[in-house]
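Going down the list, the protein sequences come from chains A and B. For the first sequence, position 52 matches number 52 in our numbering, and the numbering has no gaps at all. For the second sequence, position 305 matches number 305 in our numbering, and the numbering has no gaps at all.
Please keep in mind that the hints were generated in silico from the structure rather than gathered at the bench. Each residue gets a CB set at the ideal place from its N, CA and C atoms; glycine is no exception. Among these hints, one or two may not hold up.
[Stated by the list, open to error] In silico DSBU-like pairs for lysine-lysine, Cα to Cα no more than 35 Å straight-line:
(1) B:Lys192 to B:Lys272
(2) A:Lys179 to A:Lys80
(3) B:Lys192 to B:Lys232
(4) B:Lys214 to B:Lys272
(5) B:Lys8 to A:Lys152
(6) B:Lys190 to A:Lys152
(7) B:Lys8 to A:Lys156
(8) B:Lys6 to A:Lys156
(9) B:Lys6 to A:Lys152
(10) B:Lys348 to A:Lys80
(11) B:Lys9 to A:Lys159
(12) A:Lys179 to A:Lys82
(13) B:Lys344 to A:Lys80
(14) A:Lys152 to B:Lys344
(15) A:Lys80 to B:Lys9
[To be verified] Where chain B lies over chain A, by a calculated footprint (3+ residues, C-beta under 8 Å):
(16) 16-25
(17) 60-74
(18) 124-131
Here is what each chain is made of, one letter per residue.
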Amino acid sequence: MSEKVILAGLGGQGMMLLGRLIAQALMLEGKNVTFYPSYGTEVRGGTAYYHLTVSEEEIFSPVIEEADTLIMMNLPSYLKFKDFLKPDSMLFLNSSMIGKIENEMNIDVYRIPATKIANDIGNVVASNMVMLGAYNEVKNLVSIPVFLSCLKNVLKGRKEPFYEVNKLAIERGAEFVRKS
Amino acid sequence: MTSTEKNKKYLLTGNEACAEAAIQAGCRFYYGYPITPQNEILTHMAIRMPQVGGTFIQVESELAAINMVYGSAAAGARTMTSSSGPGISLKQEGISYLAGSELPCVIVNIQRGGPGLGDISPSQADYFQAVKGGGHGDYHTIVLAPGSVQEAADLVFDAFDLADCYRNPVMILGDAQLGQMMEPVVFNKKCKPNLYKKDWALTGADGRKKNIIKSFYPVKGELEKFNAKLQKKYRQIKAEEVRYEEINIENADIVIVAYGTCARICKEFLKKDQSLNVKVGLIRPITLWPFPADIIQKVSERVQAILTVEMSAGQMVEDVRLSVSGRCPVHFYGRTGGGIPTPKEILKKISEIVSVKVKGTCAT
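Between the sequences and the hints, there should be enough to build the whole structure, so can you do that?
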């Protein structure tokens, strides 16, 4: 088993947190993981991107050349990483911010209105968790209870009230994929 | 993170792992000045040092940092500083003084692209600076090159022990990729701050003969004597502290020599690429100084060729060539300025070497 995921979005769309929490949850489940964040001199509105690799075996290079999955939160992110796709890749798009795209390789594309769903449940910032819900419904990579325990660890103190909406966002993302 | 439990896995960046390992190894004095890609070392130290009763100072310059390290080391404390290329260059005078005064300390260099201000992407172009001195005078720092976040943590523990054992500065030579990437890490090494008695330290001379820490020997003949003592110590380190990892070198036709991030990429090539009709092995130096010259010499006596892979224009390859001394061809593949070699590029380079070899055989 191995899975290479590139997560990308606008700075602030929560891809760093999402990637780190998935990596942490998978680590707790005994998998090998590497999580390589972009740390470059990005301008405001620039693309923040993260390489997440999970494997039963030793992971060598943390840099992904061909991705199994892309989770893309806005159009510039998709344009930057579409060449990392291969014929059996999966593509998860935040359709609230990405319109029609050309699917030349005819790969599996999941279009999730993550920003809208998050906004509808009361917190637009939870769009990252909607994407997780959708992604995990398809790939079943991470145990949601373990993921939630990792989430709880970072939502402490004044951030604690945000836990429930994040949990709901994961459920709504999964639900959206099941229904479509 | 407020404390760590033994045998528990943490997901940390290489930078955080270095900082946490230093604290657990008994380092209580850290001085640093911010520079990407090693800032997480400072932030981790800023949070953790007050929790363990240690001292964290974000200093006014890299010069201040290395000279504060000199002071803390002279007083017998476990102490560390860190930076990236441009900052490490500024510290060189201090490192020479530390070596000349035989003071134990740990210096972390998370390399970025150079020369000059360069950029902030991964590089291995500070190799010469790290292993050939960097500052003035006949001195060496022990240089350790981790290949993973776990190894970074483990080597920081070892670095403090080696520094105390030999009364010598030890450098951890990582790169931006290792510093920034997150991997699981377990802190299971023991803190041994009192492993070596520091009866030379400046602890107040009440009731004993005074100690002097200096690197200044103005009386004719004294400095030569001191240098002879240093060289004797370096010979001992060379004899006893060489470390490397070897993979499939017994029956290899071609052996790759690579360290740190490059070694990880070469391992990926070794594991996945069976498309070539040659057997490829790997030697990964863990100590860059002392350099694993003996094993490289040994394999050079029977392999077809050696390939050195670096994120530089060719630095470690010079030490490989010295070790090989013409016994077999030594090839080089390098990327500079933030480029990271890929397994595909290594495959291409090895196919070139093999075809060169075949052509050469036909000609003779």
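Right, here's what the structure says about each hint:
| no. | hint | in the structure |
| --- | --- | --- |
| 1 | B:Lys192 to B:Lys272 | violated, 40 Å |
| 2 | A:Lys179 to A:Lys80 | holds, 30 Å |
| 3 | B:Lys192 to B:Lys232 | holds, 25 Å |
| 4 | B:Lys214 to B:Lys272 | violated, 53 Å |
| 5 | B:Lys8 to A:Lys152 | holds, 18 Å |
| 6 | B:Lys190 to A:Lys152 | holds, 31 Å |
| 7 | B:Lys8 to A:Lys156 | holds, 21 Å |
| 8 | B:Lys6 to A:Lys156 | holds, 24 Å |
| 9 | B:Lys6 to A:Lys152 | holds, 22 Å |
| 10 | B:Lys348 to A:Lys80 | holds, 26 Å |
| 11 | B:Lys9 to A:Lys159 | holds, 25 Å |
| 12 | A:Lys179 to A:Lys82 | holds, 26 Å |
| 13 | B:Lys344 to A:Lys80 | holds, 21 Å |
| 14 | A:Lys152 to B:Lys344 | violated, 41 Å |
| 15 | A:Lys80 to B:Lys9 | holds, 34 Å |
| 16 | 16-25 | holds (count 3) |
| 17 | 60-74 | holds (count 5) |
| 18 | 124-131 | violated (count 0) |
Hint check: violations occur at hints 1, 4, 14, 18; the rest are consistent with the structure.
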